[in-house]
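In the numbering used here, the protein residues as written are 2 to 449.
Do not take every clue at face value.
As the list claims (entries may be wrong) - SDA-like cross-link-like pairs, simulated, lysine to any residue; straight-line CA separation at most 20 Å:
| no. | residue 1 | residue 2 |
| --- | --- | --- |
| 1 | Lys140 | Gly99 |
| 2 | Lys288 | Phe230 |
| 3 | Lys140 | Gly101 |
| 4 | Lys140 | Ser201 |
| 5 | Lys302 | Val125 |
| 6 | Lys288 | Phe234 |
| 7 | Lys231 | Phe98 |
| 8 | Lys302 | Ala68 |
| 9 | Lys205 | Val357 |
| 10 | Lys140 | Gln422 |
| 11 | Lys302 | Ile126 |
| 12 | Lys140 | Gly417 |
| 13 | Lys425 | Val357 |
| 14 | Lys425 | Thr287 |
| 15 | Lys425 | Arg206 |
| 16 | Lys205 | Ser413 |
Honestly, the hints are just simulated from the structure, not real lab data. The structure presented is a predicted model; accordingly, all values stated were derived computationally and were not measured.
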Amino acid sequence: MSHDTWLLVSAALSIVVLLMLVIRWRMHAFVALLLVSIVVGLITGMPLGDIVDTIQAGMGGTLGFVATVVGLGAMFGAMLEVSGGVDRLASTLMRTFGEGRAQWALSIAGFLIAIPVFLDVAFVILVPLIYALTRRTGKPLLFYGIPLVAGLGVTHGFIPPTPGPIAVADLLGANIGSVILFGAIAGIPAMIVAGPIFGSFISKRIQTGIPDYIELPAVRDDYADLPSFKMIFSILILPLVLILLNTASGMVLDEGNLVAQVLSFVGDPIVALLIATLLSFAALGTKRGLSRDDVMKVATKSLEPVGLIILVTGAGGAFKQTLIDSGVGDVMGDMMASSALPPLVLAFLIALGVRVIQGSLTVAMITAAGLMAPLVETMGLEGPILALMVIAIASGATALSHVNDSGFWLVSRYFGLTEAQTLKSWTVMETIIGIVGLLMCLLIAMFL
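Let the sequences and hints guide you as you build the complete structure.
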């Protein structure tokens with residue numbers, strides 16, 4: 002067996018071992034990724050000292066950016082939640098669109114709220130609104146439920162600063178502003194097709210009501226004490242606008258231009274999110290009666306659920322770096338480059354395969370990015386195509402969610418669906434998002 006062939010076999014074995022550790026032996030993805038990184042280094046003949054250095058470099062290089070952004074995003078989202086900002090955003094959109102267009106309001110609310118608030122949390126917060134609409138109109142639960150989760154699902158996979166796209170953009174070296182722009186261009190059509198359109202279709206075939214075993218707080222009737230919609234929307238959209246202005250200024254202004262330098266600083270994802278987070282501490286915290294200690298407690302508590310996400314992301318960076326430093330990356334990159342499949346389709350299929358086998362969207366995205374990074378270097382890919390690759394990976398990692406995904410069971414429980422009904426509704430919805438997202442990526446690529 003030639004050396005290059007053995008390197009390819011090593012790559013295949015590493016994926017098999019990773020999936021076995023996560024699925025069969027129920028090992029946490031963070032530990033599994035680190036262990037597989039060591040296995041790759043050993044079987045490819047890396048010096049023992051270099052293996053450790055590579056893992057440290059991969060972890061550090063990834064976490065320096067990702068941990069900061071995800072941590073700030075978690076604090077920002079927590080302030081939006083505890084202040085009632087989520088309620089205000091949803092209620093205002095519902096009143097603006099009216100009951101007749103509630104599906105569209107719910108999709109947009111899900112899309113916006115999932116930017117700083119984790120999908121599971123946003124879903125649980127907004128479910129009472131779905132129940133209230135179902136009671137009031139008599140329509141099936143999925144008529145309103147599917148549009149909501151479609152909006153949440155698109156943002157969760159496509160739009161930074163959610164962990165998946167932030168991590169993949171960092172691993173591939175993609176511009177965050179371009180990822181936001183392409184994520185919105187690809188994600189909004191996916192949300193429309195998978196949300197209001199598919200929701201109307203599937204609700205006629207699966208007509209479930211509110212589950213008897215669910216007891217949730219009633220929907221708020223009095224919104225007078227909540228922060229204003231303009232304030233919430235302004236703070237929510239501010240970091241995205243700053244990041245996009247940074248990207249645009251880099252295209253139209255000279256590098257030494259003072260305006261370009263200022264926009265480059267405030268439009269860096271870390272600075273942009275820091276500004277939004279500080280504003281949320283003041284406008285949604287201390288200005289609304291919370292003490293500084295209360296704000297600190299909210300911010301501290303918000304970091305608890307993101308610790309595991311950050312560690313998994315760092316371990317994914319270690320895995321990627323091990324593939325590159327061991328030489329596996331060069332061989333894989335050459336092999337992928339000679340593939341008849343376009344890089345975007347290849348990225349989609351790799352993410353889809355990992356998603357189907359192990360379930361987690363974030364882990365699927367990080368694993369796919371680690372495998373695609375060598376191709377990026379081999380083919381010399383740069384610029385907007387890297388942002389499109391992030392969205393293609395997100396599309397593959399979104400599709401075909403099934404029983405090994407926590408989102409599957411969350412929707413099944415709160416919507417009172419059987420496993421078969423959840424496959425016909427949630428799984429199909431996620432797959433529509435993935436397919437439409439890929440098609441939009443390919444369409445955008447035609448104009449680059």
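Cross-check of the supplied hints:
1. Lys140 / Gly99: holds, 15 Å
2. Lys288 / Phe230: holds, 16 Å
3. Lys140 / Gly101: holds, 12 Å
4. Lys140 / Ser201: holds, 10 Å
5. Lys302 / Val125: holds, 18 Å
6. Lys288 / Phe234: Holds, at roughly 17 Å.
7. Lys231 / Phe98: holds, 16 Å
8. Lys302 / Ala68: holds, 16 Å
9. Lys205 / Val357: With a Cα-Cα distance of about 28 Å, the restraint between Lys205 and Val357 is violated, given a limit of 20 Å.
10. Lys140 / Gln422: Given pair Lys140, Gln422 holds - Cα atoms ~17 Å apart, limit 20 Å.
11. Lys302 / Ile126: holds, 17 Å
12. Lys140 / Gly417: With Cα atoms ~15 Å apart, Lys140 and Gly417 stay inside 20 Å; holds.
13. Lys425 / Val357: holds, 16 Å
14. Lys425 / Thr287: Violated, because 46 Å separates the two Cα atoms, which is more than 20 Å.
15. Lys425 / Arg206: Given pair Lys425, Arg206 holds - Cα atoms ~10 Å apart, limit 20 Å.
16. Lys205 / Ser413: With a Cα-Cα distance of about 17 Å, the restraint between Lys205 and Ser413 holds, given a limit of 20 Å.
Hints 9, 14 from the list above are not met by this structure, while the remaining hints are.
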